[in-house]
Structure formats: structure tokens, C-alpha cells
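Engineer: First to last, the sequence lines map onto chains C and Y. Residues -13 to 232 in my numbering are what the first sequence spells out, letter by letter. Residues 2 to 299 in my numbering are what the second sequence spells out, letter by letter.
Everything labelled a hint here was simulated from the structure, so no lab data went into it.
Cβ-to-Cβ under 8 Å is the rule here; a few derived chain Y residues that face chain C:
| # | residue |
| --- | --- |
| 1 | GLY55 |
| 2 | MET56 |
| 3 | SER57 |
| 4 | GLU74 |
| 5 | ALA88 |
| 6 | ASP90 |
| 7 | MET97 |
| 8 | PHE105 |
| 9 | PHE109 |
All values reported here derive from a predicted model rather than from experimental measurement. Glycine included, each C-beta is placed from N, C-alpha and C at the ideal position.
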Amino acid sequence: MLWYKFWLESRVRFLASGVVLAAYCVSFVQQARYNFPPVMEPALPYSGYVWRGIYNGIDTLVFVIVAVMLGLGGLQRERSTGSAGFTLALPTTRLDLLMPRAAVALVQVALLAMIPVVIVPWMSSRIGHVYPIAQSLKFAGLFAITGAVWVSAGFFWSAVFTGEHTATIACILTPILYAATVNGTALRQYPSANIFNVMSGARLPVLDRTTSLLVGPFPWTTMLAMTLVAAALLCAAVVVTSREDF
Amino acid sequence: MADSWVIETTALTKRYGKFEAVRQLDLRVGAGRITGFLGRNGAGKSSTIKMLLGMSHPSSGTGRLLGRPIDDERESRESRKHVAYVAEDKQTYAYMTVAQMVAFTRSFYSDWRPEVEARLLRQYDLPPGRRVKALSKGMRTKLALLLALARQPELLILDEPSEGLDPVSIEELLQALVAAAADGTAVFFSSHQIAEVERIADHVCVIDRGRLVLDASLEQIRDQHRRIELGFASDPPSWDWSGEGIGSVRTSGRQITIMARGNADAIIERAYGIGAVSVESSAVSLREVFLDSVVTEA
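Hey, can you work out the whole structure from these sequences and the hints?
Structural biologist: This is how it looks when you write it as C-alpha cells:
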């Protein structure tokens, strides 16, 4: 039943996020009727148009904010709403409470990552273009795993901050500050350290610069590194929560 | 005297920075009886309960809940399977309906009683389809009580259970607590309503500034605590009244009022020895005993 509780807690955020992302994808592909090819770049392939708008555009930023917000909630939030006492009196350990919540958020972010897979190839074919579903699946994989890092960041902040809105503010600021750090410091020399590059494939050897399609083997090493970062953030949240007094 | 303890703490202490919320608390709550846990605001009642249930970690000292250590998370989880708890704020999940809340809670416990659940839903007039956030404060309190009372736990812990209830509901609650105790459940409840405690409790623990200042059965309190009023023909002699069994001492003109916590006969004898011309010993209410305990200790 804890799964059910965490689903009920997060379903509004999840469904609203799904609607926003789906609406953006539909709207962007529909605009290709009028905007593609761009006047300034008549040679741009359709795959490049999609990449710029969906996998390296506003959709990416929306996805990141959505993912980090899906990690919010938990006992600190319940403390501010007054239900932490009820939850902690249940015959469960704090780990029992954290793991299903993390799992629900990770599944949700993976499902959100699949939205372009469903919409982009199908909508493209309706307007007379082709976008390979295999490409959408590869980008969905990148989004899902990098999304797990953002979910874990939200999860961590929601374990650290006790204020009702503090964790939310931290979640919004995190991607912004992170982007400023990796783009404005020496870290710029390491494209793989920039999670936005990993999401879009930009500046990674797997992305064909001409077609903006992912070619070559899937970047498993980078994905493993992302998974470890997500796991580390989740473990940190577990440690913080286990030591907390409610 | 109870044969076994459902709650047992030894030198249990909780510090928040430099502030000691609970100090060296040695508390024992017996099985099968109703124990009232009294104290002023901030006396340490909720801090104690939170440590017992594993919500906060003791700074030092030890405690056992149903025989299991409170500072071991897995042991604490096992003991909580047999403990029902109603928190001070009575909040449950605002986004669930009453029916969802009941189904959710029921799934955790093997001692759930569906017939009691159905009876309490009717008695409390709780609409199953309504979301918790749409319930009034009183209804939320009733829902929290239902989730605890629909079970048959070994121990029922309630933090200010009657707060927010109307007089009829308070009466029903008190009867439910007595019935739970009759079924073998130990009841441990904190309250500011001394009259409620006096009505149903077998045993009373008073905590003040984190320390236990009274731990006695209601019978012992009635037998041992007396108000002794001494009258003198002239100004009373100065006398050191401090000693075993003497609580507060108040002098007003030619009269001295002593709250005795035992040894009433010895105090009366001493009073005659220093020239008291009239001595009157009378029973005291729990309210007076409580005030005497916390004021004297302050």
C-alpha cells in the first residue's frame, strides 16, 4: 500500500507534467508544417529539426524541472503538513518509506521520457516526415537515466530541507546553478560531466553532427556513471532521513 | 502492580541543542491498565512519545516498547505492529478519501477489526468518499481515532486525544478507551484535561520540565495525598516544613495549608507539636495534586 500512497501523492505532479510535455511535443511537431525547413537553414534535416526542439530544446529544460520536482515529498514534507507522526508510527522502517517513493518517482520519470517516443514518430508521419522510433527510444534511454539523477537530486533536497517551500526552491535552482557551473567553469572541457550534454548527446561522440541522430554504441559507461550519481544521492537522502528527528 | 511493562525507560534523555526536553526519565507503564500522562505544555510528553515510537532518537538512556528496544529501528518496527497511535495533530493524508485512508491503514495490521471499523464509521458519521482535506477538524480527529480504535493492539498511545472533539464525542472516546482496556489493551494517553484522566485512568504519570515528578496509581494518590489546613491562635511559628511527603506549603494569616504527599499523620502530629489549634485534613482532586507537583518542582 505504500506504493499506492506515493502514487496518490505524486500523481497530480506526474499527470500535469505528462500533459505539459505531450502538449509541447505535439505543438512542436505540428509547427514543422510551417517552420520546416527553416528559412535560414534550408538544408537542415528533419531529424536535426526534431533534435533542436525536442531533445536539445525547451523540452529538455521542462523535463529536467519536472524530474527534479518528482523527487519532492517525503517525511519532511509530511512534517509540515502534520502527517509525519501517522506515517512514522506505521510498522515500517524509514528505508521502507523511502525506497518505494524513490521507485515510484523513477518509474514516473521513465514514463515521461517515453512521451516523445509515442508522439514524435507518430505525429511526424502524419505531417509527411519520418523520425525513426529507434532514435526516439535511444533518446528516451538518455532522458530516463539522466532524469533519474534529477529525481534523486529532488529526493535529496526533500530529505534535507524542512521548510515547506525550501526544497521546491532548491529543486528549481539546482538545474540553473548546475548549468551555470558546468558551462562557466573549467568543467566545460569535460562534455560528459555536463548532464545536459548527456541528455541531448550534444558534444558527445555518439551524436552525428549532420543528422543529429545517435549513431554508434549506446554510451553505457556514461550511463553507468549517471546511475551511480543517482544512487549516491539516494543513499545520501537515506542517511539524512535515518538520522532525522521528527 | 502490573506484572509486565509495556513501556519502560531508563534515564531516557532528549536534548535539542542545549535544551533538555526529556531528562533522565524513568517511566514504567503497566500492561492492561489506563495510564494518564500529564504535564504542562512543553513538559516533554510529546518528546517522550516520539522517542518511544522511533520518531526521534534518544540523546541518552534506553527505552523498551512492548519489551523491544526503541533505538533499534527493526525492533521498533516489530513493536509498532502491536501499537496504535493517535498523534497530537491528528493529521492523516489530505489527498486520500476516508475509505482510502481506512484501507491503507488496515493493510499494515493483522489485528484490524472490520466490525469495529464499520461501527465507528457509522458512529462518527464519517463519509467514506470524502477527502480528508475536506473534513472538519473534529472529523479528522474522529478519523484518526477510528484508525487506532478499529484495531486490537497491545498498546494504545494517544497524544491529547480529546482535543478538537465535542462533549458527546469526548464521552464516546472515553468509553472506547475503557472498553479497549477491558479487552486487554494498555492505554497510555497524554492530556491537559485532568478531569478526563481522573475519570478513566488507573495510573497517573506527571512530567514536568522533562522529569517525572509523579508516578502513582489513582488509588495511591487518593489515599496518600491530603490537604492539611492548620489554624493557629496567633501568627504561625516559623518552621521548616520541608521533608518527606510534603509538597507545597502556603501561609495565609494564621492559617497554613500543606499539600501532603504521604505521611499525613506525621505531619498532623508535628503540627500539634508546634501549637496548631485546629487541624483539618481533606481529600484532594487530581487537579490539585497535578498543580502541586508541577508548581513545587518548578
